[in-house]
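Given chain A, put chain W in place with the hints provided.
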Amino acid sequence: EAGVTQFPSHSVIEKGQTVTLRCDPISGHDNLYWYRRVMGKEIKFLLHFVKESKQDESGMPNNRFLAERTGGTYSTLKVQPAELEDSGVYFCASSQDQITDTQYFGPGTRLTVL
Amino acid sequence: GQNIDQPTEMTATEGAIVQINCTYQTSGFNGLFWYQQHAGEAPTFLSYNVLDGLEEKGRFSSFLSRSKGYSYLLLKELQMKDSASYLCAVPFSGGYNKLIFGAGTRLAVHP
Numbered sequence: 004e005a006g007v008t009q010f011p012s013h014s015v016i017e018k019g020q021t022v023t024l025r026c027d028p029i030s031g032h033d034n035l036y037w038y039r040r041v042m043g044k045e046i047k048f049l050l051h052f053v054k055e056s057k058q059d060e061s062g063m064p065n066n067r068f069l070a071e072r073t074g075g076t077y078s079t080l081k082v083q084p085a086e087l088e089d090s091g092v093y094f095c096a097s098s099q100d101q102i103t104d105t106q107y108f109g110p111g112t113r114l115t116v117l
Numbered sequence: 002g003q004n005i006d007q008p009t010e011m012t013a014t015e016g017a018i019v020q021i022n023c024t025y026q027t028s029g030f031n032g033l034f035w036y037q038q039h040a041g042e043a044p045t046f047l048s049y050n051v052l053d054g055l056e057e058k059g060r061f062s063s064f065l066s067r068s069k070g071y072s073y074l075l076l077k078e079l080q081m082k083d084s085a086s087y088l089c090a091v092p093f094s095g096g097y098n099k100l101i102f103g104a105g106t107r108l109a110v111h112p
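Note that the protein sequences, when read in sequence, are chains A and W.
Sequential numbering from 4 applies to the first sequence in our numbering.
Sequential numbering from 2 applies to the second sequence in our numbering.
Extracted from the complex, chain A is given alone in its bound form (with noise of 0.2 Å):
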């Protein structure tokens, strides 16, 4: 079974420039959650979708921040536009069902902001 993957592994961009990242939970997978974690502080949750549906956005720093799960697939999280403090390694994870079921993590992206 494949597992949670991230795409791109990498992105670097400058201040002001717009990036999309782009996950794709295991297959069956119906919660899907993005995290990030900035430099020398904890992964932070952003948002969870069931879905199609955004189940809790609590986590979303503020509206330069779109994430969209369209067909209950696969997830973007774009970024528009990026400013430095966005820098950071953004996760993904998904699991089979909501109530304290494991979460199962990609990779990563690692952003950077010029």
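Hint data in this document are derived by calculation from the structure and do not stem from the laboratory.
Just so you know, even glycine gets a beta-carbon here, dropped at the ideal spot from N, CA and C.
It is possible that some hints are incorrect.
Pairs of lysine-lysine, BS3-like flavour, derived with a Cα cap of 27 Å [said to hold, decoys possible]:
id, chain 1, residue 1, chain 2, residue 2
1, A, K54, A, K18
2, W, K69, A, K47
3, A, K81, A, K18
4, A, K44, W, K82
5, W, K69, A, K44
6, A, K57, A, K47
7, A, K81, A, K54
8, W, K82, W, K58
9, W, K69, W, K82
Listing some non-contacts, in silico: residues in chain A with all C-beta distances to chain W over 10 Å [said to hold, decoys possible]:
id, residue
10, G6
11, L24
12, D27
13, K47
14, S90
Short derived list, chain A residues pointing at chain W, Cβ under 10 Å [what the hints assert, rightly or not]:
id, residue
15, Y38
16, I46
17, S61
18, P64
19, N65
20, R67
21, L69
22, A70
23, S98
24, D104
25, Q106
26, Y107
27, R113
Structure of chain W alone, referenced to chain A:
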């Protein structure tokens, strides 16, 4: 709110045993996860505890005391490949499954 504390760094010798502690404060409790993360890779699930006591999985064991808000991960017969960050995480107590992470413990195993 919820808060998780774990040591920042630990070192140990190959073949030895190491215990990584995690303390948490949460208004509700839905279990505790341990993940392993090698540099540049995905966090990998190690264990999930929801009841008090010790759960053993090969060289790795995880312990939970709900009354003390305390867990530890025990690694036996350490190998060089065990050098990694170990992340303690609890599901948010507000009813959803978003994980609240500690900052992670970076373990260095030396020959």
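Q: Hey, is K47 (chain A) genuinely clear of chain W, shortest beta carbon separation above 10 Å?
A: K47 (chain A) is in fact no farther than 10 Å from some Cβ atom of chain W, at 7 Å.
**Q.** Given pair status - K82 (chain W), K69 (chain W), alpha carbons within 27 Å
**A.** Cα-Cα ~31 Å, so violated.
Q | Closest C-beta approach of P64 (chain A) to chain W relative to 10 Å, hint status | A | Violated - the Cβ of P64 (chain A) stays beyond 10 Å from chain W, reaching only about 15 Å at its closest.
(Q) Check whether the Cα positions of K44 (chain A) and K82 (chain W) lie no farther apart than 27 Å. (A) Within the cut-off at roughly 24 Å; holds.
Q: May I ask you to test the interface hint for L69 (chain A) with respect to chain W, counting a Cβ-Cβ separation under 10 Å as satisfied?
A: Violated. Min distance 19 Å.
Q) Beyond 10 Å from every Cβ of chain W: is that where the Cβ of D27 (chain A) lies? A) Non-interface label stands for D27 (chain A): nearest chain W Cβ at 13 Å, farther than 10 Å.
Q | Status of the stated non-contact between S90 (chain A) and chain W (beta carbon gap over 10 Å) | A | 16 Å, holds
Q: Using 10 Å as the Cβ threshold, decide whether R67 (chain A) counts as touching chain W.
A: 21 Å, violated
**Q.** Restraint status (C-alpha distance of K81 (chain A) to K18 (chain A) at most 27 Å)
**A.** 14 Å, holds
Q. When the nearest CB of chain W is found for N65 (chain A), is that gap smaller than 10 Å?
A. 18 Å, violated
Q | Straight-line alpha-carbon gap K57 (chain A) to K47 (chain A), limit 27 Å | A | 17 Å, holds
Q | Minimum beta-carbon distance criterion (10 Å), S61 (chain A) to chain W | A | 8 Å, holds
In summary, the numbered hints that this structure violates are 1, 9, 10, 13, 18, 19, 20, 21 and 22.
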